Amino acid sequence: MKLRAARRRKQTIFRRVVVGLISLFFALPLLGMVEFTTRAPGGGRTLDTWATLFDLGAMDQDYPELKAGILASAGLTVLTVAIMLVMLVPTMTWVRLRLPGMRRLVEFICLLPLTIPAIVLVVGLAPVYAWVAYLLGESSLWLAFAYVVLVLPYAYRALDAGLSAIDVKTLAEAARSLGAGWPTVMWRIILPNVRTAVLSAAFLSVALVLGEFTIASLFSRDNLQVAINLLSKRDASLAIAAALAALILAFVVLLAMSFVGTGRRSQRPEEN
Amino acid sequence: MAESPTTRASTGRKPVGALLGVVPFFAYTTIFLGIPTLIVVVGAFLDGSGRPTLGNLSALAQPQIVSAFVHSTVLSAVTAVLGAVFGALLAYAVSTAREGGLMRRLVASLCGVLAQFGGVTLAFAFVATVGFQGFLTLWLQKVGIDLAGSTWLFEPTKGLILVYTYFQIPLMLIVFLPAVEGLRPQWREAAESLGGSTWNYWRHVAGPILAPSFIGAILLLFTNAFSAYATAKALISQGSPITPLQIGGTLSSEVILGQENIGKAMALGMVAIVAVIMTLYAVLERRTTRWLGR
Chain A
1 MKLRAARRRK QTIFRRVVVG LISLFFALPL LGMVEFTTRA PGGGRTLDTW
51 ATLFDLGAMD QDYPELKAGI LASAGLTVLT VAIMLVMLVP TMTWVRLRLP
101 GMRRLVEFIC LLPLTIPAIV LVVGLAPVYA WVAYLLGESS LWLAFAYVVL
151 VLPYAYRALD AGLSAIDVKT LAEAARSLGA GWPTVMWRII LPNVRTAVLS
201 AAFLSVALVL GEFTIASLFS RDNLQVAINL LSKRDASLAI AAALAALILA
251 FVVLLAMSFV GTGRRSQRPE EN
Chain B
1 MAESPTTRAS TGRKPVGALL GVVPFFAYTT IFLGIPTLIV VVGAFLDGSG
51 RPTLGNLSAL AQPQIVSAFV HSTVLSAVTA VLGAVFGALL AYAVSTAREG
101 GLMRRLVASL CGVLAQFGGV TLAFAFVATV GFQGFLTLWL QKVGIDLAGS
151 TWLFEPTKGL ILVYTYFQIP LMLIVFLPAV EGLRPQWREA AESLGGSTWN
201 YWRHVAGPIL APSFIGAILL LFTNAFSAYA TAKALISQGS PITPLQIGGT
251 LSSEVILGQE NIGKAMALGM VAIVAVIMTL YAVLERRTTR WLGR
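Residue numbers (the working numbering), protein chains in the order written: chain A, 1 to 272; chain B, 1 to 294.
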């Protein structure tokens, strides 16, 4: 007992020191951004940059590309998560139920993007996107097709963990024997049971899409990061403020999603 | 009664019917993953007019391309090890905190953002901190240390290591935390009840259990840094000291006649290096899974 108490005290000290030091390393560049965006020309402090950033009307007028980028990224986030879920959840469930022999192949394909750097994918995607632009138009939204490929490994792992935790086969058979069609099984049986996994797959996708720069920039399409990078060529201070605001927004979104996910789990403590 | 013939019939057709269910997935991944990969692989062996050639591959021996590959590899290896060591320490520290507590949740969300969100934002953050006009630079100047005297921040073996480590540590926390959480307190108590010290516990119990995950995480971090493009692109405006920037350059600017597909050859080179690393990772992960019985 005494040993354990001593260890706990030691662990607490260790935790505070390590977390403190590493937090300092993480905090310094962020502080740098805050400091840089509040510099006044004379040498004092001013909130002018931030006032400009949140003066939406003027921003829209002077820097229309930022608004376009924000809208494009919002649309891309929704579209990417939607395609990813509509494609992966039924496929992975179906493979578990009817084609267990294909599981390794599907897993291999889903994890493949880890071995193919985004920059390499861009090289190969250029001709494919020439066709996409020809068939669907030049809209930035179609970048979502490539983003789905980028999020495949993370989404696959999250969903696979979720599906492993439930007995897909029994649930589906029970629903089928009660007369449910496959769409009903997917929508009302499987999906509610893997909600935590779906959320965590979506969580990773949102973070990745909001931060994506490589593909959008090389295909000369709009998204948030491309717009911020463009902004930096005109007004460094404003661009840094916009980047910091985007970072904080993404952090708040992810933190909120982490609460939604665990809220569900704590209702059902028997599920691990 | 009426059900049974249909059931039997559908059992007979099962493979074909079942296969139809995975068609959308395979169609999608063929178009957006398979074809691009093929274009890179085949393109690396074609010249500008579509005839087979080995010229692109031999062009990889050009000094600036070799030096970019070396820079990329060294940068990725160093930041993978640094990120892994500090990230593992952080992961262990966080794992001793209460599960489901605010601290864990904050650290997890923050790391999720910083690991994925790096890119452009990160480049700006470091310019604002240790760039020529950064606050740390100005502050250190007052005490006599001059950071603004050189372009160290923009060099792949100096500044980029610092910047990359910034997004490697959070990624390490994300991938390594589950492994550290797998350590059961009972193991430590068992070691203590047998008279083992803290060192004995780490040397003979926790260390061997964590080793495969740790090495696996290093490999994943290596790939992550190796593929990174956005941070370097936003930070470095002149020259292409690392491979991803050079590949990007071949896409956006004119290339020398006869070497149209050199970008594809470089891309193939990157895939080859990453493939070796990921094969090692897959082997290791299989061992980890077996050991932990997960």
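Among the hints, a few may not be true.
[Said to hold, decoys possible] Taking CB as the label site, the calculated pair distances span:
| # | chain 1 | residue 1 | chain 2 | residue 2 | range |
| --- | --- | --- | --- | --- | --- |
| 1 | B | Val70 | A | Thr46 | 43 to 51 Å |
| 2 | A | Leu171 | B | Ala282 | 55 to 63 Å |
| 3 | A | Ile166 | B | Pro63 | 52 to 60 Å |
| 4 | A | Leu171 | B | Leu19 | 20 to 28 Å |
| 5 | A | Arg188 | B | Leu54 | 52 to 60 Å |
| 6 | B | Thr96 | A | Leu171 | 32 to 40 Å |
| 7 | A | Val17 | B | Arg105 | 52 to 60 Å |
[As the list claims (entries may be wrong)] Some residues of chain B that are not near chain A, with every Cβ distance over 10 Å (derived):
| # | residue |
| --- | --- |
| 8 | Thr29 |
| 9 | Leu46 |
| 10 | Ala61 |
| 11 | Lys142 |
| 12 | Asp146 |
| 13 | Ala211 |
| 14 | Ala267 |
It is worth saying that the hints were derived from the structure and are not from the lab.
Given the structure is predicted, the values throughout are model-derived calculations rather than measurements.
Don't be surprised by glycine CBs; every beta carbon is placed ideally from N, CA and C.
Any hints this thing doesn't respect? Which numbers, in order? Going through the list in order, the structure violates hints 2, 7, 8 and 14 and respects the others.
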